[in-house]
Amino acid sequence: MNQVVHPPARSFPFLRKKLLHVYISLLLALCAPACVREDFGQLSDKLTWSPYLTLPIGSTTMSINQTGTLPGTSLIDANQNLLLQYTDTLLLPDKPESAVAYTLSQAVARLYFSNDFPAELQVLLFFETAGQMVPLGATNLIAAGAISNESRPMQPGILLAEIPLPDALWDQSTQNPRLILHFSSGSIPLNEEFIRHLSEFKIHTKAGLRAKFQIEFGE
Amino acid sequence: MNRKHLTGLVIGIWMHGLSSLFGQQSHGLFFMHQVPQANMVNPALATDCPWVLGIPALGSVHGHYHNTAFRTNRLWSESNDTLYWSPDRAIQKLQNREAIDLQSHVALLYFGIHTPKSYFTFSLTERATAYQTFRGKAIETFWYGNAPTAGKPAPLSGTRSGALHYRELALGWSFEPAPQWRIGIKPKFLWGLSAIYTSKLKGELQTTLPVYALQASLDAVVMASGPFVFTQNNLGELTQIRINSDVSAPSYLLSFKNPGLALDLGFVHQYDDRTTIAGSLLDLGFIHFSKDAQRIQANGNATFDGPVQDGNWNTNEYWDSLADSLIQQLNPTIRPQSFWMPLTPQAYLGATRQMTRKISVGVAGHLIYFPGKLKPSMAAMAQWNPAKWVTGQVNYSIQNGSWTNVGAGFFIRAGAFSMFATTDHLPALFHLTSSRTVQLRFGFALTPGCSPSKNQIQSHTHPGAIPCEVLPANAPDNPRSTRRSRR
Numbered sequence: 001m002n003q004v005v006h007p008p009a010r011s012f013p014f015l016r017k018k019l020l021h022v023y024i025s026l027l028l029a030l031c032a033p034a035c036v037r038e039d040f041g042q043l044s045d046k047l048t049w050s051p052y053l054t055l056p057i058g059s060t061t062m063s064i065n066q067t068g069t070l071p072g073t074s075l076i077d078a079n080q081n082l083l084l085q086y087t088d089t090l091l092l093p094d095k096p097e098s099a100v101a102y103t104l105s106q107a108v109a110r111l112y113f114s115n116d117f118p119a120e121l122q123v124l125l126f127f128e129t130a131g132q133m134v135p136l137g138a139t140n141l142i143a144a145g146a147i148s149n150e151s152r153p154m155q156p157g158i159l160l161a162e163i164p165l166p167d168a169l170w171d172q173s174t175q176n177p178r179l180i181l182h183f184s185s186g187s188i189p190l191n192e193e194f195i196r197h198l199s200e201f202k203i204h205t206k207a208g209l210r211a212k213f214q215i216e217f218g219e
Numbered sequence: 220m221n222r223k224h225l226t227g228l229v230i231g232i233w234m235h236g237l238s239s240l241f242g243q244q245s246h247g248l249f250f251m252h253q254v255p256q257a258n259m260v261n262p263a264l265a266t267d268c269p270w271v272l273g274i275p276a277l278g279s280v281h282g283h284y285h286n287t288a289f290r291t292n293r294l295w296s297e298s299n300d301t302l303y304w305s306p307d308r309a310i311q312k313l314q315n316r317e318a319i320d321l322q323s324h325v326a327l328l329y330f331g332i333h334t335p336k337s338y339f340t341f342s343l344t345e346r347a348t349a350y351q352t353f354r355g356k357a358i359e360t361f362w363y364g365n366a367p368t369a370g371k372p373a374p375l376s377g378t379r380s381g382a383l384h385y386r387e388l389a390l391g392w393s394f395e396p397a398p399q400w401r402i403g404i405k406p407k408f409l410w411g412l413s414a415i416y417t418s419k420l421k422g423e424l425q426t427t428l429p430v431y432a433l434q435a436s437l438d439a440v441v442m443a444s445g446p447f448v449f450t451q452n453n454l455g456e457l458t459q460i461r462i463n464s465d466v467s468a469p470s471y472l473l474s475f476k477n478p479g480l481a482l483d484l485g486f487v488h489q490y491d492d493r494t495t496i497a498g499s500l501l502d503l504g505f506i507h508f509s510k511d512a513q514r515i516q517a518n519g520n521a522t523f524d525g526p527v528q529d530g531n532w533n534t535n536e537y538w539d540s541l542a543d544s545l546i547q548q549l550n551p552t553i554r555p556q557s558f559w560m561p562l563t564p565q566a567y568l569g570a571t572r573q574m575t576r577k578i579s580v581g582v583a584g585h586l587i588y589f590p591g592k593l594k595p596s597m598a599a600m601a602q603w604n605p606a607k608w609v610t611g612q613v614n615y616s617i618q619n620g621s622w623t624n625v626g627a628g629f630f631i632r633a634g635a636f637s638m639f640a641t642t643d644h645l646p647a648l649f650h651l652t653s654s655r656t657v658q659l660r661f662g663f664a665l666t667p668g669c670s671p672s673k674n675q676i677q678s679h680t681h682p683g684a685i686p687c688e689v690l691p692a693n694a695p696d697n698p699r700s701t702r703r704s705r706r
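Top line first, the protein sequences correspond to chains Z and A. Take 1 as the starting number for the first sequence in this note's numbering and just add one per residue. Take 220 as the starting number for the second sequence in this note's numbering and just add one per residue.
There's no promise every hint is true.
What the hints assert, rightly or not - In the DSSO-like style, the derived pairs of lysine-lysine whose C-alpha atoms are separated by at most 27 Å in a straight line are:
1) Z:Lys212 with A:Lys356
2) A:Lys356 with A:Lys421
3) A:Lys312 with A:Lys476
4) A:Lys356 with A:Lys312
5) A:Lys356 with A:Lys594
6) A:Lys312 with A:Lys594
7) A:Lys312 with Z:Lys46
8) A:Lys356 with Z:Lys46
9) A:Lys371 with A:Lys356
10) Z:Lys212 with A:Lys312
11) Z:Lys46 with Z:Lys212
12) Z:Lys212 with A:Lys371
FYI, nobody ran anything at the bench for these hints, they're computed from the structure.
Using the sequences and the hints, build the whole thing.
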């Protein structure tokens, strides 16, 4: 007697494996050329950002308080004239925390001065990092401010200056870079009217920086 | 996340905006009426099979990436077998308004069944989308620096972002209200799992002269719901955002807390013996997010004159000072608030014509509506039925500003098993990183009792592109057989 032999029934797990096999094969067939073409494992985490930025550095105001003393140094010469000697410090952009390398080039400090005092001002600039001072030069003289008949400030002397900063100032070793501004004036006669309104006289300074930055991220 | 991260968020808010790109378009599938899953792009379409069961999680899988801005491989350069990030080539090509979007869906369950006069479908689909729109000038300013544009305001509007993950339960009904017409209606019940999007963004950035003070005005609102943790300080200011790692995947995926409703509509009209017209209107609806829903708002004007003000230093580090100053002035705050998130409606309209016994051609237009923007696309296709169990298609489309999209697709039915795959841009599958558009849709289904030789009429009087009814072709109440018999 012939015996009919049935093939073993294909179980669901078998079908599932078969379908998954077809599915994965299809995906691989579609994706393989792309995957082979671009091996994303080769992609480095290094990124160099080289923007040309303009950034504000800050502003300072020098004034003589009610007691007649300066926050910096003021000198009274032999003829009882006031001589302004004042130094201020501005913070420059330091290396971002996540950066591995940081340099600046073609850096220019842009300085805006407004001088109420009736005397020309001379400004000397220094670059300070890690306790070392590098002289950068001087601005043009800031014009004297005009005063009223009552010896009150009327029209300030204005100066907009651009001071190039040497490329060598910013490198890997640069820490807490600062811009030091040293003001000095010609003599200002200290008459009674002037002394009465002395607290109204100020020297405003605003500073900005324009530079090509190069900041590298990633190990 | 510290304040630096928060700065990233704030900048992100600036750079982002809402222009949802949620459509999951597939011109190729729209033309393939014989594919059971084509019902997902036109609910009027009914398969010629008594019933259809999509392979769980493989019934319909859709992936779409589109980038109007650049090809991905322009982001890096190769040297000594290493790829280095170098986005200059990409940024130099940026236009005023650009968008990047990602879309995907997986039909976890798909089922369709015929009754004598109707075709019903049931599907459970997981959908996820993300998009980013931005202005090319804003990216250029960020990457190349603000020095060249100092003194000129840069508007922030038009830059938005969003991401949405939701689950969709769709119940479709397709029927013939009149001879030569088939109408489909598909209400969809939605559950939002997570969402984040910029609902409002106005403002501008400017570097002022003469000494480069940075000024920003911002009025932005971001709505968020999902596994996020927001931390505030005593003043109610947002200080930290992070993903909540305590939320397990099952509890996230099994959430049904943010309900929504949507509707799909469609029609198919047999214009004449050779011509079929079809159209659909999809994704008309909203999701109401209430679970862990938050409103993040930043509103204010900020000026940064530098870290030193009147001789007083507020920090020893320049970049931290910049970030702190902007955050304090723009005052990002957060409060619980539920919100409605709209889907992005889209519409198809097309026609196919049977040219020979085995070849049909068609054209279709597609519209997708983003808030404030209507994005059109067009496609043409030729379809070949060399045998009753296989269909091949090539298509050409103009979409996303690109005129070079050549796609392809196929449909195979082998016994009780069927599968399809279609793409609107075939070369992209082989050159992923050099393509702006990558789109693939495929699916597997069981279609038992569906024999093309019995139910599907392959002749010039029965365009392959029309939906096939269960009714035999020679049934007295079959409009086609009636039409033929009249002749």
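| Which of the numbered hints are not met once you compare them with the structure shown? | The structure conflicts with hint 3 only, although it agrees with all the remaining ones.
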